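Novice: Here is what each chain is made of, one letter per residue.
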Amino acid sequence: MNIQEASRRRSERVWMGVVAVASGLVFTVLGFLVAVLVMGAIGFAAQHGLVHTLLGARWQPLAGRLQIGLFIVDSALVTALAMLLALPFGIAVAIFGSLVAGAWERTVLRWILTLASAVPSVAYGWWGLAVVVPGIRGLGLGAGYGLVSAGLVLALMILPTFSVLAWEAILAVPEDWHQTSLALGANDDQNIIRLVLPASMAGLQTAFLTALARAVGETMAVQMVLGGAVSHFYGLFGPGATLTTQILTDMAVLPVGSPNHGVLDFMALVLFLGVTLMTGTMGRQVRGRGRP
Amino acid sequence: MARVKIQMQSVSVWYGAQPALRQVSLDVAEGAVLALIGPSGCGKSTLLRVINRLVERTPEAKIQGRIWIDGEDILRPEMDLVRLRKRVGMIFQRPISFPFSIFDNVAYGPRLHGLKDAFELRRVVELSLKQAALWDEVRGKLRRPASGLSGGQQQRLALARALAVNPQVILMDEPTSALDPGSAARIEELVVKLKGQYTVVMVTHNLQQAARVSDFTGYLQAGRLIELGETSVIFTAPRDRRTEAYLTGQID
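Line by line, the protein sequences give chains A and B. Residue 302 is where the first sequence starts when you use our numbering, and the numbers rise one by one after that. Residue -14 is where the second sequence starts when you use our numbering, and the numbers rise one by one after that.
No lab work stands behind these hints, which were simulated from the structure alone. Check the hints yourself; a few may be wrong.
Said to hold, decoys possible - Pulled a few chain B residues facing chain A out of the computed Cβ check, cut under 7 Å: (1) Pro24; (2) Ile81; (3) Leu97.
If you're wondering where the values come from, they're calculated on a predicted model, not measured in any experiment. Yeah, the Cβ is synthetic: ideal placement off N, Cα and C, and Gly gets one too.
Chain B with its partners taken away, still in its complex shape (with noise of 0.2 Å):
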């Protein structure tokens, strides 16, 4: 078993009165991919961005309990979150660019922690463009506005902006839930081909994609973990009658 990644202890998240996590435990293997399934509103993204501490931009935002990087306590008050974000990347359910050209896109993070030198600054995007597959396609257009680019383009160009800060965990929030079948397909293939080099959790309403891409899945409910295993058992053989129930389609 691989060195553990993320650790989760008891960690419970509540808007106002509102409880959206309740004392959620888990670990991530370094380098895996966790899919985390469940029905609307169970808390899968409140559990993906308390991860990097997103979450506590919704008013009234309350968290408790730990969570480990790397061994390192990220709920800590006096934790840096510009060091934390840099390290957790995210790519979330609407295909994001800003307004800027494609460059100035993928640049946009570097940027923001300190790098100016011209040439370094291309040969990362350039490198975080190959890694999200993007780059064959815009060679040469990199000054074109970013929103000329098609949704599936403009996904995978969100994940080159998330790698072009080196991080080590990315967070997927639903990521090909507003693409097309055969873009949604090229996320799917890219987070197979990321697996290893980076650990990712991965929001999912689409149980096949789960069951495709993950090594782990998780399945929540009413902000709840009920359980947590290897992809391939949780699919064919799970413990809990409510995983079941929600895999044969009898929650949603």
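Bound-form chain A, shown alone (with noise of 0.2 Å):
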């Protein structure tokens, strides 16, 4: 064994540790996170039960009165509306820049995904304030603040980093699969509608969960235009909160330490485990369906 290879091993070593010793740090943190949640959250749960709190909607944190049910059903509403509204755009856009643009156009179009994915979500919560309630409250919709502004917000904030995992997924399609297509006499459309959207459908889907699991755990741009109204349903156009919103809110009312802490804990471990579920669940069907 020469010198070179005696050093080469021995980094090889030294990396091979680093390596080790950052994915048990990884490992350590995400396990005492979950470990705490899920302390605090069983506590809770113990104390005013798991049904009675998930499924009622009376929420006066310092009476007592600690159901989260009606957070849920807003957390899934806001997500769907920005789901449903940034998925065809969305699509739209990354075919465009995919397929359709120009070099000129398409290197524009991607500079301004990537900046605009950059964006803080504070300055996304700004506009939907300028924006989107005065746009709502002219409507004659209510008074702006509420569950179709934040879905609206959220979904103009996703839409970037959805758009361009899409168009990674899109041009992840060989070329020559274009070219037998287009071979048999596919037009332009027929060759996105047949072939490319179907077989770029593994990577569109991952890129619908990345989106949405954003889109779930977003918390400052929903607060800044959602009005937090707590205890009674108000409609899609009314105010709400969501799981994440009412734990802002309330982090000040319930610090840690104090009796009913517990119930952000459990707030926090619903969320965690809604997002990991749909999108384990989610991911599951698209390995099975993709690319075989």
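Relying on the hints, combine the two individually framed chains into one complex.
Specialist: Take a look at the structure:
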């Protein structure tokens, strides 16, 4: 064994060590996080009852009424609205960018999307306050603060991320597949609908799930335009509160160590499990169906 | 001499300022197999792709000259590309199957052109697979993903998919270069079998293959068609020194 090889082996060992420590750290932190949430949540659920907490809609933290059913419904509604809006536009942007646009347009569009996905969420919330809320109010659809406003702001916020990921998924369809399809007499529309979209379905669904996970967890942009109604459902244009925004709101009311702080752990765990289950089950379907 | 199926007159192609094909004129007889040989980058693939106008997909590609198929000028601007490509099928170097089932791969073309009837689709798929000598290996497995097939089977699947739209001309771009010798031999057999019924233009790097399957052979070099003639003549008594040099391995 010469000196060069010895030093190569030594540096390999060092790197293996770094990688092992880093991944160990990630697992430890993640485990610690989940453990804290689970302990707090179990303590809370044991005291207040699981069904009672999940299915009710009374929220008065200082009076000890801690039911989170409405927050779950509002979270689901806001997210669904955002995804419903972002999906068609995102796919359209991705198709345009990857297949239709010329080199120049493509560069500009890509630059805009990258920039837009780096904008902090508080800026999207600010845009919501300045444009969406007055807009909805102007249409005579209530005060302007509400689920639809939050859905709109969220849709715009996840659009760049979703578009870029969908763009990449579509680009992954090999050039000779396009040529084969065109050589069989497909026109451009048929090529997109019958080949490109089905062939990139796995990647598109990954893009969708990534955007979904980001939408469910978003707090600030939603909080700024949602209105914060905690105990009653006022309809889609009415105000509401999601799991994330309510954790934020009541962090100060139920600080760590206070008797009912556990409900925040419980909400965070519901959020965590919800996202994990959703992306997990949908992801499994994708792998089952995707490229064989 | 049979009827002329494809006629090219002074066809030139540029990619930007780069000439890829210069002033190529040739006739292909109906039902014949024309092999195109020549060193890498000589314009063989471009010549193939200009016949179904797939070359226009390359940015900045420019075509000059005239091409007629059955007397119809296919380079004219108002030519319907869908109709052209229904008549001119193509097989590529890499065996390409779409990430669908075997059935959906073969049915892809007919469905594009509006065939919906399930019974008729099944009939077309079965017939095409039989023509491509793949039916016996895949019958009863048509719903399985095409990617489960071997490379040679996938290339025959690609042939079946092309045949399913009922073309008259088939372009083949080095159809066996990615296959093992056994699979390559099966494709060659198929080309010989298709002869007469279809007009085949085939690019190949394999000189023995050109000699075995083709009726006519054209030699290209630097974008020019140096020589074209009956395969037996080209291989035994080429008229041009450059053709001879290539055939004897002095150019590559």
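Novice: So, for every hint listed, does it hold in this structure?
Specialist: Hint-by-hint comparison with the structure:
A hinted interface residue such as proline 24 of chain B counts as satisfied when its beta carbon comes closer than 7 Å to some beta carbon of chain A; here the least separation is about 22 Å, so the hint is violated. The restraint placing isoleucine 81 of chain B at the interface with chain A holds, with a minimum CB-CB distance near 5 Å, inside the 7 Å limit. Hint on leucine 97 of chain B holds. Least Cβ distance to chain A is approximately 5 Å, under the 7 Å limit.
Consistency with the previously given hints fails for number 1 only.
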